[in-house]
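Peer 1: Model the full assembly from the supplied sequences, consistent with the hints where possible.
This note's numbering applies: residue 1 is where the sequence shown begins, and numbers increase by one.
Take these hints with a grain of salt, some might be off.
[Unchecked claim] Within a straight-line C-alpha distance of at most 30 Å, the following computed DSSO-like cross-link-like pairs (lysine-lysine) qualify:
1) Lys11 <-> Lys124
2) Lys124 <-> Lys165
3) Lys124 <-> Lys110
4) Lys73 <-> Lys13
5) Lys165 <-> Lys13
6) Lys165 <-> Lys110
7) Lys73 <-> Lys143
8) Lys124 <-> Lys143
9) Lys73 <-> Lys107
10) Lys11 <-> Lys73
11) Lys107 <-> Lys165
12) Lys73 <-> Lys110
13) Lys106 <-> Lys143
14) Lys165 <-> Lys11
15) Lys143 <-> Lys11
16) Lys73 <-> Lys124
17) Lys143 <-> Lys13
18) Lys106 <-> Lys124
19) Lys73 <-> Lys165
20) Lys101 <-> Lys13
Keep in mind that the hints were calculated from the coordinates and are not lab data.
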Amino acid sequence: MANELFTSDGKRKYLTAEERERFLAAAAEHHRGEVRTFCMVMAYTGCRISEALQLTADRVDFSARAITFQTLKQRGQVRYRAIPVPDALLDALELVHQVRKAQRSKKRGKDRLLWSWGRTQATKHIWAVMAQAGISGPHATPKGLRHGFGVKAAADTRNPRLVQKWLGHRHLETTVIYMDAVGDEERELAARMWQ
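Peer 2: Next up, the structure:
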C-alpha cells in the first residue's frame, strides 16, 4: 500500500512541509483573492478538490474554528467531517467571501458556493500556483496537496484514527499509507541510529 505515495518509478506524490510552505507563500501573492482562499483550503484541510468546490458559506464554523466538508467516496452514504483550520484561513475566507454576511442571510449561506469553478479550472489554478512556487513533478497537483496533508498529519499527530477522520477515509487501511511515509520523524530516528 505504501507505493500509493510514490509513482511506479519511485517519485514522490506528496508535497513536503517545505514545498507546502512555498505553495502557500505563492498563493498569498496571487492577485485573485478566491484563488488564494482555494489554495489555502486545499493545503490546510487535505480535502479532495471536489469537496472544496462543494463548500458553501454555512459550512465555515467560526466559533469551532473548523470547516465541515461533505465527504465524497462513501458509496451512497452522506457523511460530513469537520476539520480544524488556522485563524488565518478563517480570516481570509471572511475577507474574500464575506462568509459571515452570507450566514446571516435567510438561507444561512447554504446556497452560496465559495467558488463557482469546475474541477478543470480549479486544477489549473493549483497548477499555476505550484509553478509559481517552483514545484513540479507528480506531486505538484491537488492530490499532492491532499497526500502532503496526510503525511504531515500522520507525522505530527501519530494518531491514525484522527488522520482517517480528517481525510474522510472509510477504512483505516487507506490511512495507514500516510503512517508509513518517510518524513522528518523517520529521518530523526535513523540519524540516532547512525550516531
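Peer 1: Could you run down the list of hints and mark each one as holding or not?
Peer 2: Going through the hints against the structure:
| no. | hint | in the structure |
| --- | --- | --- |
| 1 | Lys11 <-> Lys124 | 22 Å, holds |
| 2 | Lys124 <-> Lys165 | 28 Å, holds |
| 3 | Lys124 <-> Lys110 | 26 Å, holds |
| 4 | Lys73 <-> Lys13 | 20 Å, holds |
| 5 | Lys165 <-> Lys13 | 21 Å, holds |
| 6 | Lys165 <-> Lys110 | 23 Å, holds |
| 7 | Lys73 <-> Lys143 | 15 Å, holds |
| 8 | Lys124 <-> Lys143 | 13 Å, holds |
| 9 | Lys73 <-> Lys107 | 27 Å, holds |
| 10 | Lys11 <-> Lys73 | 26 Å, holds |
| 11 | Lys107 <-> Lys165 | 28 Å, holds |
| 12 | Lys73 <-> Lys110 | 22 Å, holds |
| 13 | Lys106 <-> Lys143 | 35 Å, violated |
| 14 | Lys165 <-> Lys11 | 27 Å, holds |
| 15 | Lys143 <-> Lys11 | 14 Å, holds |
| 16 | Lys73 <-> Lys124 | 23 Å, holds |
| 17 | Lys143 <-> Lys13 | 8 Å, holds |
| 18 | Lys106 <-> Lys124 | 34 Å, violated |
| 19 | Lys73 <-> Lys165 | 14 Å, holds |
| 20 | Lys101 <-> Lys13 | 38 Å, violated |
Hints 13, 18, 20 from the earlier list are contradicted by this structure; the remaining hints agree with it.
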